Structure formats: C-alpha cells, structure tokens
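J.: Each chain, letter by letter, is given below.
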Amino acid sequence: MKTFKLDNEPKIESGFKTPDHYFENFSSKVMEKMAEDEIKVIPIFQKRNYVYFAVAAVLVISLLVPAMYNWSTNSSEIDSVALENYITYQSNVNQYDLINNLGEEDIKNIKVNIAIEDKAIEDVLSLNSNLENLIVE
Amino acid sequence: MQEEQEFIQQLLDPETRNQAFQRLIFEYQRPLYSQIRNIVLDHDDTDDVLQNTFIKIFQNLKNFKGDSKLFSWMYRIATNEALTFLKQKTRKSGICWEAIQNKVIENLEADIYFDGNEIQIKLQKAVAQLPAKQQLIFKMKYFEELKYEEISEILGTSIGGLKASYHIAVKKIEAFVTAN
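Residue numbers (full-length UniProt numbering), protein chains in the order written: chain A, 1 to 137; chain B, 1 to 180.
Hints are computed from structural coordinates only; laboratory data are not their basis.
There may be inaccurate statements among the hints.
Here are the simulated DSBU-like cross-link-like pairs (lysine-lysine), alpha carbons at most 35 Å apart as the crow flies [to be verified]:
| id | chain 1 | residue 1 | chain 2 | residue 2 |
| --- | --- | --- | --- | --- |
| 1 | A | Lys2 | B | Lys87 |
| 2 | B | Lys103 | A | Lys17 |
| 3 | A | Lys2 | B | Lys56 |
In silico negatives: residues of chain B with every beta carbon more than 10 Å from chain A [unchecked claim]:
| id | residue |
| --- | --- |
| 4 | Lys62 |
| 5 | Leu86 |
| 6 | Ser93 |
It should be emphasised that the depicted structure is a prediction, and the values quoted were computed from it without experimental measurement.
Virtual Cβ for every residue (Gly too), placed ideally from N, Cα, C.
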C-alpha cells in the first residue's frame, strides 16, 4: 500500500463552496439585519424596564405594608417579661417600694387561694426541724 | 498599522461608519466564512454565524483596544461564535458534536455546497477523527494557510504548541488516509 504523505500531494482544498453570488449580497444582508435588530431592540428593552420597575415597586410596597402596620399599631405597653426582668435585676426598687405602690385591686389580683388541709399543715410542721426558729422569727 | 488606525477611526465615526463597515465586510467576509465553515461545516449554519459575527464586530468596535491586529481580533470573534454555535447545537439536539460531525462528513457528497473529489472527502474524514483543538489548528494552517504567528494570536496558544499540534495532526491524517 502506498504511504500517503500530505507534503507530497498537491494542495488539497477543503471542497466547501457557497451559493452563486453569495458574497455579493452578503454585506447588504448584514446591514439589513443590523437595522432590523436596532428597531427590535429598543422597544423590548423599554418594555423590560417597565416590568422591572413594576416588580420593584410591588416588592417595596409588599415589604413596607407590614412595617407600616406594625409602626402605626405599636402601643406604649411594655412587655411584662421585660418589665419583670428590669425590676428584678436592674432597678433599685425594693420590696417595700413595691408594697407601698400596690393598691387594693393589685393585692386582690395576686392573692392565690391555696386549699390545704389542716392535717397536711400539721405534718409539714411536725417534720420541720426548724419550726422553732421560724416561730421565733 | 497607521492605515489600520485610520480605518478603525472611520469605523467609529458615525458619519463614515456605515461605509467603512461595508468595506470591512467586503474585505473579510471570505476568510471569515472559511474559518466558520471549516468549524460548523454546513453552509446555512455558516451564513447565520457569519452574520452574527459581523454584527458582534460592529457592536464591539468601540472596545477594540488595538492590542492585536484587527484581522486577528475579528478571527477570534468568528472562531468563538462558531464554537458557541456548536455548543448550542449539541445542547439542542442532545447529540455530541463528534456524532453530528461524522454524520455530516459521511453525507458530504450529498451536500450541494460541497464540491470535492475522493481525496478531499477522505481528508475531511481524516480530520474529523482528530481532537477538536488539533482539528482547528490543522484547518487554520492547512486549508486557510494562516501563519503560526497569526494562529497564535487568534487562539492564544504558543507557536511551539501549535507546531507540535500540527505535526501530530498531520501524522494522524497520513496514517488514516493510508489505512483507508
């Protein structure tokens, strides 16, 4: 079999060809397409801008509505847990100040009815070795 | 180089732009067509890619820094456009490019825009067996007769690397044609 050597052969062309007059008309085809693209591109871009603005506006409003609602309904009441913590740890309000500031109504509210049978009290007292100290106090 | 700078200025000037751009198309349409056609193989696909290439060149002329020659810069855009086209084509069809390419090469005789004899078809088949980069280098060097310096500027590969790739490609092609 004869060994094929590319350099020994005359130049082999790719063999690809174009339709007749292809290159004569090509530049006008490109210029036309560019003109078409320019006409097309502008409205699409503007339309998209409107869409982006609309989406952004809806997002801002939807975020603002709950925030505004919270803002407008925000009461001056303080969270009871925060108040309790403050009184316990932060303030220099002592129990005597508290007692002085309690009204009849407040005392009624904090009263708790504990139903304890006499026998149970007796048992607790008899078992408590510090009973005497407590009585003295 | 001075002439090229003046030409680029004409392309950027709104008054002379259209006329200069038509001149640019007229001068470069044939080499860029060959480059794209050698990559995508089909004439209609080449036509689409070539039009997009010139539109892209027009849109990006203001960004042309003049670091490379206008010719190399345009060739680079054409090559990138052609390779992007191949990626899109394989993604759409779900078939790898090698399979599409082999099918096109097998049916070359039926292609109305191919006019080649037996050895031309055999050479196309041999080239199709090479890895993508070697194919590109071989086609640019052998079919389009570009210099290594030009190919290097277009593909961003060293001249040494190009020479080695071309040498290997030629050896593989010769072996394929001899065996078939």
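J.: Would you mind marking each hint as holding or not holding in the structure?
T.: Going down the list of hints, with the structure as the test:
With a C-alpha separation of about 39 Å, the suggested pair A:Lys2 and B:Lys87 falls outside the 35 Å cut-off, and the hint is violated. Distance restraint check for B:Lys103 and A:Lys17: the Cα-Cα separation of roughly 19 Å lies within the 35 Å cut-off, and the hinted pair is therefore satisfied. This hinted pair does not check out: A:Lys2 and B:Lys56 have alpha carbons roughly 48 Å apart, beyond 35 Å. Distance check on B:Lys62: its Cβ is at least 15 Å (rounded) from any Cβ of chain A, clearing the 10 Å threshold; non-interface status holds.
Interface exclusion of B:Leu86 from chain A stands, the closest Cβ pair being 16 Å apart, more than 10 Å. Every CB of chain A is more than 10 Å from the CB of B:Ser93 (nearest about 22 Å), matching its label as outside the interface.
Checked against the numbered hints listed earlier, the structure breaks hints 1 and 3; every other hint is satisfied.
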